[in-house]
Amino acid sequence: MQINASSIQAHSSWMNNSSHNVANVNTQGFGALQTNLEESPTQGITANSSKGEGATDLAKELPEQMIAERGIEANAQTIKTYHDVLGTVLDLKA
11 MQINASSIQA HSSWMNNSSH NVANVNTQGF GALQTNLEES PTQGITANSS KGEGATDLAK
71 ELPEQMIAER GIEANAQTIK TYHDVLGTVL DLKA
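Counting with my numbering, you get residues 11 to 104 for the letters of the sequence shown.
Rather than coming from a laboratory, the hints here were simulated on the basis of the structure.
Cβ coordinates follow ideal geometry from the N, Cα and C atoms, glycine included.
Accuracy of the hints is not assured; some may be wrong.
Restraint ranges, calculated between C-beta atoms of paired labels, are given here [to be verified]:
hint: 1; residue 1: ARG80; residue 2: GLU48; range: 14 to 22 angstroms
hint: 2; residue 1: GLU49; residue 2: ALA86; range: 13 to 21 angstroms
hint: 3; residue 1: VAL99; residue 2: VAL35; range: 43 to 51 angstroms
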């Protein structure tokens with residue numbers, strides 16, 4: 011479950027950074043944030059952000075937001091399914 015929770019957190023950071031980029035699309039001199047998701051043996055999934063060289067590319071940001079959203083939804087569904095199965099197992103033992 012920690013992997014799913016860390017993945018939700020990482021995908022949320024990715025979404026926040028992408029939203030920040032879109033909000034600043036017209037800000038002169040703004041360097042878009044780049045977010046990379048990385049697997050960590052001890053922490054699950056982590057998001058590493060850095061300031062990019064170029065301006066915000068709206069054609070890139072929308073698909074990235076869609077991917078981040080799907081990542082959050084998929085991991086939330088996995089956690090929900092885990093809790094449903096655990097509840098069923100506990101009901102069977104009772």
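Enumerated hints in conflict with the structure, sorted upward: Violated: none.
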